[in-house]
Amino acid sequence: MVKKMDIFWAFVIGGAICVLGQLLIDLTKLTPARVLVFFVVAGCVLGGLGVYERLVDFAGAGATVPLPGFGNLLARGVKEAVDERGLIGVLTGGFTAMAGGVTIAVVFGYFSALVSSPGMKE
Amino acid sequence: MTAKNYEKLVKEASPKSAVVLNSAKAFLVGGAICAVAQVLYSRIEAMGFSREDTGIMVAGILIVTAILLTALRIYDKIAKFAGAGTIVPITGFANSIAAPAIEHKNEGLVLGVGAKMFAIAGPVIVYGTVTSVIVGLIYYFVR
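Residue numbers (the working numbering), protein chains in the order written: chain A, 1 to 122; chain B, 1 to 143.
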């Protein structure tokens, strides 16, 4: 069952994180690339502290879909890997957690470049 | 008039409304992407998949959709309107991989497509990975 309140909070929190990004772009000299890096690092740190997971419980996709959610995914992955494998997990956890998403983006990005031609910008 | 005074005057005169409007657009579009993702998440999890696998599937659907829209030159048009609303969600990460790969295709499949693909995604992965190792190390010693 899709709960209406879950969708509402995903919308509100996800939108709010995007507003934060927009304000960083508009009001500071941060470029979009730097904002993305900042968000991933911030999400990973908050994830490491266990704070971000509470936002995920509350807002679902509103917290996992924006880039801080990507950082939190890395933190969650590395903690689980450390629990399972100790110090080796420190090395494998982050990459393992992002493997699915990054692979999909790289593979489809690659084939999209093969089939479409550049310079069609208006 | 000194340069500092001038800067102050410009700052006072430039409309705050642009910032408010940009934020409203980012809120609506970014929020909408997350709301759609939440519906996907609930539907897929209800089919009996684990939380982790559901997360990968939802991210996959969003990423593939964003890359298709990028190749069709539609994502850029939405991004012009929505700003951070389309940059901050995972769809923006996918767009940041596909768009330069397509744009630099003429520079070759290796140094064009292969390298330029990571112009923005690269730094995100680098800083994410480094942070995750630091988090992992600290967690190892304090858990």
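For the record, the hints were derived by calculation from the structure and aren't laboratory data.
Treat each hint with caution, since some may be false.
Unchecked claim - Keeping only pairs whose Cα atoms sit at most 30 Å apart, straight-line, the calculated DSS-like set for lysine-lysine is:
{"#": "1", "chain 1": "B", "residue 1": "K25", "chain 2": "A", "residue 2": "K4"}
{"#": "2", "chain 1": "A", "residue 1": "K3", "chain 2": "B", "residue 2": "K16"}
{"#": "3", "chain 1": "B", "residue 1": "K16", "chain 2": "A", "residue 2": "K29"}
Claimed, not checked - One side of the interface only, derived from the structure: several residues of chain B facing chain A at Cβ under 10 Å:
{"#": "4", "residue": "A46"}
{"#": "5", "residue": "G48"}
{"#": "6", "residue": "V58"}
{"#": "7", "residue": "G60"}
{"#": "8", "residue": "A71"}
{"#": "9", "residue": "V88"}
{"#": "10", "residue": "S96"}
Given the structure is predicted, the values throughout are model-derived calculations rather than measurements.
All residues carry an ideal CB built from backbone N, CA and C; glycine is no exception.
Tested hints:
no.	hint	result
1	B:K25 / A:K4	holds (22 Å)
2	A:K3 / B:K16	violated (37 Å)
3	B:K16 / A:K29	holds (16 Å)
4	A46	holds (7 Å)
5	G48	violated (14 Å)
6	V58	holds (7 Å)
7	G60	holds (5 Å)
8	A71	holds (4 Å)
9	V88	holds (4 Å)
10	S96	holds (8 Å)
The structure fails to meet hints 2 and 5 from the earlier list, while all remaining hints are met.
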